Amino acid sequence: MSRAIQVRVSESVVRTVHVEDGVQSPLELLPVLAPDRMAELLAKELEAQGFKRDGKLATRKDPDGVEITVDLEAASVSVKLAANSRLSEQVDLETRAAVETQAQAENRLRDAAIDELEQRLAAKTEALRREVTDKLEKKLADLRGELDGSIGRATVAALTERAEQLGKIEEIASDEAGNVTIKVKL
Amino acid sequence: MTDNIDDEDEPPATVAASEAEIIAMARALTAPQALDVWGLLAGSRSMPAKVGPTCAELVGDALAQVWPALWRRDGARPGSSIRAGKVVRGRGWERNPVAPLEHSPFTFALLRWLVEMPLATPGAVDKLGAKPTTIGDQVVAYLALDLATETPAQLTIARSSQAARAPLAWLGFAHLLPGDPPESAAFDQLVTGPGTVVVEALQLDLAKRWRAVELTKRAVSDPDELIKLGHGQDLTLSRFMDACTRAGRRDLAGFILDAMLPLLARDVAPFPNDLDRTKPLSVRMAARNAAGALLRGLQTWCDWDRAHRGVRFLDDDYEASQLLLTRFETSARHGADILVPTWLAQLASLAPTSGIGSATIETPEENP
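Chains as they are written, first to last, in the working numbering: chain G, 1 to 186; chain B, 187 to 554.
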């Protein structure tokens with residue numbers, strides 16, 4: 001008669017995971033002046049908003065970790081948020097088995113423990129990713145407003161330059177709705 | 187009178203039961219209302235290796251009804267076509283020379299497969315080996331998919347019948363077919379020869395179906411589903427529209443205008459407002475962009491329209507350009523030039539807002 005024993009397996013894992021989410025979107029920049037000049041004017045506005053210019057790119061990393069990159073040449077913006085986390089998990093499993101089948105039972109239990117660990121890590125990683133996504137999503141509405149403002153000011157600057165090319169500017173008036181009227185004497 | 191007496195004396199054609207089902211299937215493609223379509227599609231039957239000459243002849247007779255069936259869809263409506271840069275007016279058969287549809291062995295293999303397989307039970311269906319090569323094959327594949335509309339068999343046919351190798355099937359059923367559509371050159375078959383007549387006759391059919399799919403996008407919640415749908419639609423439309431341009435037959439892409447017109451008129455944008463919020467933002471944004479496939483087709487029409495406006499009276503394709511300008515006019519009146527880029531920008535926006543507009547669309551209007 002075989003003797004029953006208790007088999008216990010303990011597995012643990014420590015893993016550093018990296019999650020990120022991001023979006024890319026075109027910028028609606030009106031072609032008032034040549035593309036190069038429009039890019040310059042936009043870059044100037046972005047620099048005033050804390051962006052750093054590096055060639056055709058203007059980038060900013062906010063304190064909350066969100067990275068914003070404006071491609072001045074392609075007139076597009078990409079926004080990215082990443083997070084790293086050190087995850088640790090431990091699983092303890094036990095079962096009863098006949099002494100003759102101890103090795104097989106231990107292997108089965110170890111496989112089950114590894115599967116369980118992977119599932120827990122996947123769930124934690126997914127939770128972290130969702131946290132990143134939520135944070136980024138909340139940020140986007142404000143960011144869109146900020147970029148729209150920069151684009152609007154760059155467009156007004158471009159219109160002003162264009163008006164100067166046409167004649168002498170007599171008056172520039174703007175209202176609360178953001179409409180700008182430029183009077184030019186030809 | 188004598189002929190009638192002879193006909194009555196002639197004994198009725200006799201075929202095996204399995205052959206009778208192939209004949210019924212061939213007839214169902216052109217006259218589905220006359221037969222129990224679901225019974226035909228859902229049932230299965232083991233087929234003999236060969237069929238008799240009577241069966242072959244009767245299947246040939248049934249397939250000879252494909253043209254009338256196509257004319258009944260939209261070809262009988264008076265319209266205009268571009269032929270060699272000039273405009274031809276009249277009904278479908280008046281505008282186009284009559285040409286028989288060629289079929290390869292695929293057509294018969296497909297009919298046989300449709301009868302043999304229990305199409306309502308996807309797991310029990312073997313893939314069809316034969317591949318469509320002729321325009322006649324493509325029409326039969328299209329009609330088979332259409333025949334199974336609103337039945338579970340439609341998806342089985344789309345996935346297992348090699349219909350995905352037929353550009354015409356993509357034009358009608360891009361939302362169902364697996365993988366990518368054939369390369370751009372394969373679409374040339376639809377814009378030259380009898381293929382043009384087929385596409386002309388299916389204009390209303392295509393417009394209705396593309397519009398119906400467009401309306402479903404608003405309720406899709408799985409971003410991956412929308413990405414796949416948009417990918418297939420984008421490739422299909424861009425490849426077909428490129429082929430139309432190469433062949434000087436942009437009029438064949440008119441169904442895109444007809445599909446979008448009621449949506450423009452009612453301000454119904456394909457904004458997917460219920461995307462699963464647990465999915466990454468990058469995936470949801472890709473899905474929103476994918477939802478604009480038909481809009482991008484209309485955007486191409488807007489670009490074409492600008493080019494057509496520049497064609498002068500003395501230019502060779504003036505007449506064709508004038509027809510295309512007229513064709514686009516109604517869409518332009520409904521603000522296509524402004525709405526399409528605005529909607530596409532909204533779909534690609536960093537922080538999109540919800541679209542407004544009624545999802546209830548009237549039965550498609552017929553265009554002049």
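Mixed in with the good hints, there may be bad ones.
[Unchecked claim] With a Cα cut of at most 16 Å, we get these calculated EDC-like pairs of lysine to aspartate or glutamate:
id, chain 1, residue 1, chain 2, residue 2
1, B, K465, G, D134
2, G, K80, G, D142
3, B, K465, G, E131
4, B, K465, G, E73
5, G, K56, G, E73
6, B, K465, G, E20
7, B, K465, G, D142
[Unchecked claim] Okay, the calculated bits of chain G under chain B, using three or more residues with CB under 8 Å as the criterion:
id, stretch
8, 12-24
9, 123-134
10, 138-146
[As the list claims (entries may be wrong)] Going by beta-carbon spacing under 10 Å, a handful of chain B positions derived as facing chain G:
id, residue
11, A270
12, G271
13, V273
14, V274
15, R277
16, T464
17, L467
18, L536
What the hints contain is simulated information worked out from the structure, not anything from laboratory work. Since the structure is predicted, the reported quantities are computational estimates derived from the model, not experimental observations. All residues carry an ideal CB built from backbone N, CA and C; glycine is no exception.
Right, here's what the structure says about each hint:
A distance of roughly 10 Å separates the Cα atoms of K465(B) and D134(G); the hinted pair therefore holds under the 16 Å criterion. Taking the CA atoms of K80(G) and D142(G), the gap is about 15 Å. The hint holds against a cut of 16 Å. Distance restraint check for K465(B) and E131(G): the Cα-Cα separation of roughly 11 Å lies within the 16 Å cut-off, and the hinted pair is therefore satisfied. At roughly 31 Å between alpha-carbon atoms, K465(B) and E73(G) are farther apart than 16 Å, so this suggested pair is violated.
Between K56(G) and E73(G), the direct Cα distance comes to roughly 6 Å. Compliance with the 16 Å bound is thereby established for this hinted pair. Among the hinted pairs, K465(B) with E20(G) is consistent with the structure: their alpha-carbon atoms are about 12 Å apart, no more than 16 Å. For the hint pairing K465(B) with D142(G), the CA-to-CA distance comes to about 21 Å; that exceeds 16 Å, so the pair is violated. By the rule of at least three residues with a Cβ nearer than 8 Å to a Cβ of chain B, the coverage given for the stretch 12-24 of chain G holds, with 4 such residues.
Here's how the stretch 123-134 of chain G fares: 3 of its residues keep a CB closer than 8 Å to some CB of chain B, so the rule of at least three is met and the hint holds. With a threshold of 8 Å between beta carbons, the proposed coverage of the stretch 138-146 of chain G by chain B holds, since 4 of its residues qualify and at least three are required. With a least beta-carbon distance of about 38 Å to chain G, the hint placing A270(B) at the interface is violated under the 10 Å criterion. With its C-beta approaching chain G no nearer than about 34 Å, G271(B) sits outside the 10 Å limit, and its interface hint is violated.
Here the hint on V273(B) is broken, as its CB sits about 36 Å from the closest CB of chain G, past 10 Å. Nearest Cβ of chain G to the Cβ of V274(B): about 40 Å, over the 10 Å cut. The hint is violated. Given the 10 Å rule on beta carbons, the hint for R277(B) is violated: about 45 Å separates it from the nearest Cβ of chain G. Of the supplied interface hints, the one on T464(B) holds, with its beta-carbon coming within about 6 Å of a beta-carbon of chain G, less than 10 Å.
Taking 10 Å as the C-beta cut-off, the interface hint given for L467(B) holds, the closest approach to chain G being about 5 Å. A cut of 10 Å between beta carbons decides the hint on L536(B): the least distance to chain G is about 5 Å, and the hint holds.
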